[in-house]
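Colleague: Letter by letter, the chains look like this.
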Amino acid sequence: MSTEGQLDTIQMMVNMGPQHPSTHGVFRMVLWVDGERVVDLEPHIGYLHRGSEKLCEGELYAQIVTLFDRLDYISNLNNEMLFCRAVEKLMGLEVPERAEYIRVILCELNRVASHLLFFGTFGIDAGAMTPIMYAFRDREKIQTMFEAVTGARMMHNFIRIGGVKSDVPEDFGQRMRVLLREIRQGIDETDRLLSFSEIFLARTKGIGVIDAETAITYGMSGPVLRACGVPMDVRKDEPYSVYDRFDFGIPIGEKGDSWDRYYIRVEEMRQSMRIIEQALEQIPDGPTITPTRLVLRPPQGEVYVRGENPRGEIGVYLVSNGADRPYRVKVRPPSFCNLMALKELLKDTYVADAVVILGSLDIVLGEVDR
Amino acid sequence: MAERHRQEETPQAPVALDDRGHALELLLPEVLAEFQPEVGAVVDLVVAIVKPQDVPAICKLAKEDPRLSFDYLMCLCVVDYVEHLQVVYHLYSTTMKHMMVLKANVSPEKPSLPSVTSMWAGADWYERESHDLFGVAFEGHPNMAPLLLYEGFEGYPGRRDYEMPEYREW
Amino acid sequence: MSAVETLLLVSAILGLLTGLSVVVLSLTWLERKFLGRIQMRIGPMRVGPFGLLQPVADAVKLMAKEDLLSSWVDRVVYWVAPLVVFVPTFMIWVTIPITRDLVIRNLDMGLFYIIALSVLSIVGLVTAGWASSNKYAVLGGFRAAAQLISYEIPLILAVLGVAMLAQSLNLENVVNSQGAFSYALIQPLGLVIFFVAGLAELGRTPFDIHPAESEVVGGPFVEYSGAHWAVFFLAEYINTFAIAALTVLLFFGGWLFPGLPGDVSGLGVLVFLIKTYLVILVIFWVRGTYPRLRIDQLMSLGWKVLVPLAFVNVVITSVYLFYGWPAWSLSLMSLAILGTAVWEISRRMRTAPTPEYTVRLYVPSSEASSAG
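Chains as they are written, first to last, in our numbering: chain Y, 205 to 574; chain W, 18 to 187; chain R, 1457 to 1828.
Keep in mind the hints are simulated off the structure, nothing from the lab.
Check before you lean on any hint, since a few could be wrong.
[Stated by the list, open to error] 25 Å max Cα-Cα, derived SDA-like pairs, lysine to any residue:
(1) 258/Y / 114/W
(2) 80/W / 553/Y
(3) 547/Y / 258/Y
(4) 1760/R / 1806/R
(5) 409/Y / 1753/R
(6) 114/W / 28/W
(7) 1591/R / 409/Y
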């Protein structure tokens, strides 16, 4: 293919295969490149498909919480909370206040941990190898706190239908305040290192721009959609649990590029810590779970419940026919929808940008493939 | 015997619509009158059951009518009720902040209905996934390659009558 | 040459090889420890006290690795490419003086010889990428070719600026003429250009796009394992040491220290090594701090920023020499131009005068929520 005066070139197919340091999981991108420019793209997913939705049909409701842990394996507590809310809505179950506050604190802490992981890996995608060490230092502190409360660093299985599994340790409030102070310092330090470094700005400003209308058509959500200027956040649109009692803001971007998506997550961490501080002050005493039977039989019906995951808006569609196992569970994963627009985002960019854009979407293959 | 007894008494989850839901429940039969939907409510969502061939026209109307303006496709899935397959669309409006559920029943032998990718580009992978797992064909979809399963996979794992393969050591 | 001279020459070269190997080993240890400390960890600690034997362990591991070759590689070119990269890097060291009168061959056109040889390694990198018959290697090889050739020009011009000040291409003369003031004080612009171009020549962050691990997984080196890769590794570290040594010789006064004689009997070698290691620490520090530039941004930086600045450097140096102005006038002009360039770049990237935030906090009013 040559035009007058230009060299004959052929397009090269580069396979960023399932095993690649920067595809954030087992994800395969087949790129056709012309020199350094991406001409076409074909994403292949399904390497991590475990049939979670089908598995749910064969398990008791209490057992499904563990399955939901493993969907988006970075934000476990948020997924658990989503499923428990779905069953509680179907059954009309009241959750005690103390449990709601504990749930919110843990979910927001999980959001901070997830964004710290994004922070680190996004730095690596751009080439900076120091922020990941700082981010993981703070993440370790959070996971130690999770271990103290729930007994596990990941895959907690702590938020149960009707409340939470057990109460928090006695010195929880004091330890959390110390932890929040340390994490704030850590985030500020890493922010100073990376966010306004000229090289980082050159790598992420104006890269992977998407406008609000296209984003809404593709069903994008979370920081990706908020970067385009659309103020959609389930915690504010349809406040669930006790989110309506807290005073927090949601960061909105202007340009819809990778830097906006990155910085929104940094600001979200700060807002999450604000929520946790308010929750620690407001938390009442009381029971931590509404006792239910182990073998739950919710009434016949169906619900669709939305929650705000660190990656975006996750939804679960639960159909019950009155049995002790669900009839159908369908998970609407945020990364799945964000990933659909990859071809649109990678139009006419460089190969190096492809890595940065994919990193800024912050996908987790566990929930894309289920 | 105990099974049938339990089936007769299966309790239904109570319906609890909020203001927006009530308004929508009254609005939908009016806007979609020509398609004669069955409008109801389940727990807290308004449900409209329509014929499969009408789906793209209804979606277009739902998206463009200013009283509905459903510009966001939340979720598209398929549920296998053994006599029929039900395709469920969850639609949301970012401007009016209401949500509705659109359902269409197709027969399990040759399930097919028109695709809505022209309305919402985000329906693309949902439809491919439904085709993989349930075998529902979406007419007019740009690229119906397998998404979650590998090429040459036999059977439709999402369906209730799918035989789980026996465990075997490799 | 008589037999004695030949013997002396051979032993000098062998001594140089040994010295360089020891230096490279120490550099690998230093890099890992220093980067570790920047990243809040302690680096290697297990092998020997403070991990001092870690480089030895690395070398043993590399030599003992299986030599995996895919069947499509071009065998001859595959074997020769690392040598083409390594030999010129070593040959540069023949003319670099460690201290006064401690050099294998002090050429009168030393700087010219060094520049000419450093260009040869580029051929090795590109052929390594091609011979590996791997698309990632080819991509990396293209990037390496473009980057390394482009950054030779500012490098050469910066060296030219120093040669003009010293009125000689002989490295010993360059150092000796820095007796009064080191050239870093007189030509800060030249120092910055040389350092940045040198970093780009080495292929180190922020210019390590061609062996970028998170994208092309190693670039031209991706198919090399074991001893082959060790040769590349060796070449990279010898090059790092060479660029640092050149920076010290050209801009920081080499082995000179106020008050010390600076010859072999004195502490000349020590001063030289300390200065060089400090420059190397700065190179490692830069690696730990910055992300990497994309290939087109790298080329823009080279051609649109460094080359014009390097030309301006040559022009102001020649103006200074022609009119015989005092030395501080050149420092002033140099600093002014450097400051303007840095300010302009910051302004374009919107970090100066204040950083630009395109993310704001949105707090929706309370009646916007929908609960009933």
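Colleague: Give a verdict on every hint.
Modeller: Verification of the supplied hints:
1. Pair hint residue 258/Y plus residue 114/W does not hold up; C-alpha atoms about 31 Å apart against a cutoff of 25 Å.
2. Our distance criterion of 25 Å between C-alpha atoms is broken by residue 80/W and residue 553/Y, whose separation comes to about 32 Å.
3. With a C-alpha separation of about 29 Å, the suggested pairing of residue 547/Y with residue 258/Y is violated against the 25 Å cut-off.
4. For the proposed pair residue 1760/R and residue 1806/R, the alpha carbon gap of about 18 Å is at most 25 Å, so the pair holds.
5. Restraint check: the Cα-Cα separation between residue 409/Y and residue 1753/R comes to about 13 Å, which is no more than 25 Å; the hinted pair holds.
6. Of the pairs offered as hints, the one joining residue 114/W and residue 28/W is violated, with about 30 Å between alpha carbons and a cut-off of 25 Å exceeded.
7. Pair hint residue 1591/R plus residue 409/Y does not hold up; C-alpha atoms about 28 Å apart against a cutoff of 25 Å.
In summary, the numbered hints that this structure violates are 1, 2, 3, 6, 7.
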